[in-house]
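There are 6 protein chains.
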Amino acid sequence: MAITIFRKAHFNAAHRLFRKDWDDKKNQEVFGKCSNPNFHGHNYELIVGITGKIDPETGYLIDLKILKDLIFQEIEEPFDHKNLNVEVPEFKNLNPTVENIAVVIWEKLRVKLEMKYQISITLYETPRNFVTYNGN
Amino acid sequence: MAITIFRKAHFNAAHRLFRKDWDDKKNQEVFGKCSNPNFHGHNYELIVGITGKIDPETGYLIDLKILKDLIFQEIEEPFDHKNLNVEVPEFKNLNPTVENIAVVIWEKLRVKLEMKYQISITLYETPRNFVTYNGN
Amino acid sequence: MAITIFRKAHFNAAHRLFRKDWDDKKNQEVFGKCSNPNFHGHNYELIVGITGKIDPETGYLIDLKILKDLIFQEIEEPFDHKNLNVEVPEFKNLNPTVENIAVVIWEKLRVKLEMKYQISITLYETPRNFVTYNGN
Amino acid sequence: MAITIFRKAHFNAAHRLFRKDWDDKKNQEVFGKCSNPNFHGHNYELIVGITGKIDPETGYLIDLKILKDLIFQEIEEPFDHKNLNVEVPEFKNLNPTVENIAVVIWEKLRVKLEMKYQISITLYETPRNFVTYNGN
Amino acid sequence: MAITIFRKAHFNAAHRLFRKDWDDKKNQEVFGKCSNPNFHGHNYELIVGITGKIDPETGYLIDLKILKDLIFQEIEEPFDHKNLNVEVPEFKNLNPTVENIAVVIWEKLRVKLEMKYQISITLYETPRNFVTYNGN
Amino acid sequence: MAITIFRKAHFNAAHRLFRKDWDDKKNQEVFGKCSNPNFHGHNYELIVGITGKIDPETGYLIDLKILKDLIFQEIEEPFDHKNLNVEVPEFKNLNPTVENIAVVIWEKLRVKLEMKYQISITLYETPRNFVTYNGN
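Protein chains in written order, with the numbering used here: chain S, 8 to 143; chain L, 8 to 143; chain D, 8 to 143; chain Z, 8 to 143; chain B, 8 to 143; chain F, 8 to 143.
Honestly, the hints are just simulated from the structure, not real lab data.
Do not rely on the hints blindly, as some may be mistaken.
Note that the list lumps identical chains together, so a pair holds whenever it fits in one copy or between two copies.
Here are the simulated SDA-like pairs of lysine to any residue, each with C-alpha atoms no more than 20 Å apart in a straight line [said to hold, decoys possible]:
#, residue 1, residue 2
1, Lys72, His17
2, Lys119, Asp31
3, Lys60, Val37
4, Lys75, Asp31
5, Lys27, Asp76
6, Lys40, Lys119
7, Lys33, Val118
8, Lys40, Glu64
9, Lys60, Asp87
10, Lys99, Ile54
11, Lys99, Gly56
12, Lys15, Asn100
13, Lys33, Pro44
14, Lys123, Asn34
15, Lys40, Glu114
16, Lys119, Ala16
17, Lys33, Tyr67
18, Lys33, Pro85
19, Lys15, Glu52
All figures in this text were calculated on a predicted structure; none of them were measured in a lab.
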């Protein structure tokens, strides 16, 4: 029987919603103030969920210390206090909407975790706007 | 692959749990202090979830500005600072339990949103009591 | 040296902002939708703070069990699931603004607690609007 | 059509992560500071979700008063202010990880609730670590 | 007797900690990753407190509608979705630390509110870091 | 003009309310279930406030990195995942009530911080019970 364990993490970053192949006027029309060329920013709250079976030996689904360190190394370290558009390679040609950021986080963790685990990502851009993504 | 985006909103309202076809004694027996004939009230916290595919052009599942305005027009405007039993037509003959309010909200948004989107409603009546409904 | 201990409590109630000696039109002009004659309501979150000295024998400022029971008896029991304008005597002739409700709560607890304790009241009407009052 | 209603509850308890059939050194290696022989503790936040159909007569999925009392009797009363390893029989031979505690809570409620209801358990061990379990 | 009423608001913005009269190396030494030349950003949560006497006619300390509109016009509109260093004149020559932002907000509201009101500003830069300032 | 900056931290620990010079019966009478000889525990949320003047050179009241490290070294490291009664020397002969824990934290930080700073401690034992202490 499956259980899901969740770990919260946090990073803050600057971004703008922007497509390189559109001019500033088109970006402004579609993305409004979120496309400010001088950037704005957010405190992103991240909840990573891992689904699998409890290991009967330890009573753990996964050692949270390992999960915490993985989130730090793969997400917090490369994203925190960064400008997503300028400094994070995944968004060189991908618009850093909250939807796309969640998908990128899922993909970065997917390659680092055993396939016996399912992964879900919940990402808050603000306390009122958030997404969930689980790769299905 | 599907993703879900969530938007929080808020309204506060008076209500009582009450069936017109029961007398006050029966209403009191079944619903207790929640059936106080002088009404009581709540700050309702609403989370609307929309599930669908990311538009590869914009990186959006749905423009949150449009969703925010729709929730305002369909839910906050008609419910906020109202007496649900007396002033909201949907509850003329429907007991405004938190379950029924969530179903009504889902139905009001369902007719306004394209069928390619699935909708989920989470509604907090108090910080300790809440429901989720997704029409399935 | 003084310390302050806080206890949270909760009640939900219906109310309207309303002066009996004004007609409905004047009430509507001054209080807007908060004066809806059919009432609206809130989940009120209450934080009672007690300031005094630590009893060196017990390490307590005050036994929180006693404070919890006092808040229940004086505030939660008479206010919860009530219509403040109609059913709570303190608001028979007093407009139940969040400011006035906080003052009434302070006064009800003041007469029940020893004068060696200072009392502060924080009252949330919504997550975005709240007051503090300490009788000074 | 199904709906889910949630009720929050709370208990605080001491525990250590520990297997009787391992010596202290092995417990320390696997569970680290969580295996402190003198115990540590948590405020556990519990959210019980019940899924089923709305009763058209009452508008209730389940009377929350009944659910609240059941959670109190089955979970809060036997777990609150207790040492889980020493005083709670379910953990005599079961390591009280947050995963195992959630499963135990699910099983205790499962035998007390009608089979027409599905049950989900969300259990916060800290604000950053939590699990969900629904018996599937 | 005085009472304080609080109103919460929100803006998100990009910034970097930076003094123009220091070179990048010195800025980096003193402000670390907070001085990233490409900027980072935050969701700033703002709580404005107004202290004064209750108007016995209305039961209001201040009409919260007026306070809400003032905060929108003076703070949210000019700060939200902006780059504080580049686009907000108050930070042209002032390092936008959370301390300095709080003082600027206080000063902007001080000139717009009657002197019979005292003003306090609480500003969260992250859920773990925040300041209060009241001009004394 | 003074400003206060706050930093949140967290530790979890086991404890019991207990005086060595009272027998178990007396401890039980005064402290009830909080005196369980097998201990219980809490997630303690700590907010440290530092009051002083803004350094005009940096725009900082205090470098939060330094404050964060000090809280870690003086409070989180020695208290986290510990049994307060058994393992923390300050509570060898001092009942670990939330009031006394807050005073001990204040005293530990007071000797490490320059006297130009005032210190306030807010300590949550549960989400409903907390204290503030500032040494006056």
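Item to check | Hints violated by the structure (numbers, ascending) | outcome: Violated hints (numbers, rising): 2, 4, 5, 6, 7, 9, 10, 11, 12, 14, 15, 18; every other hint is consistent with the structure.
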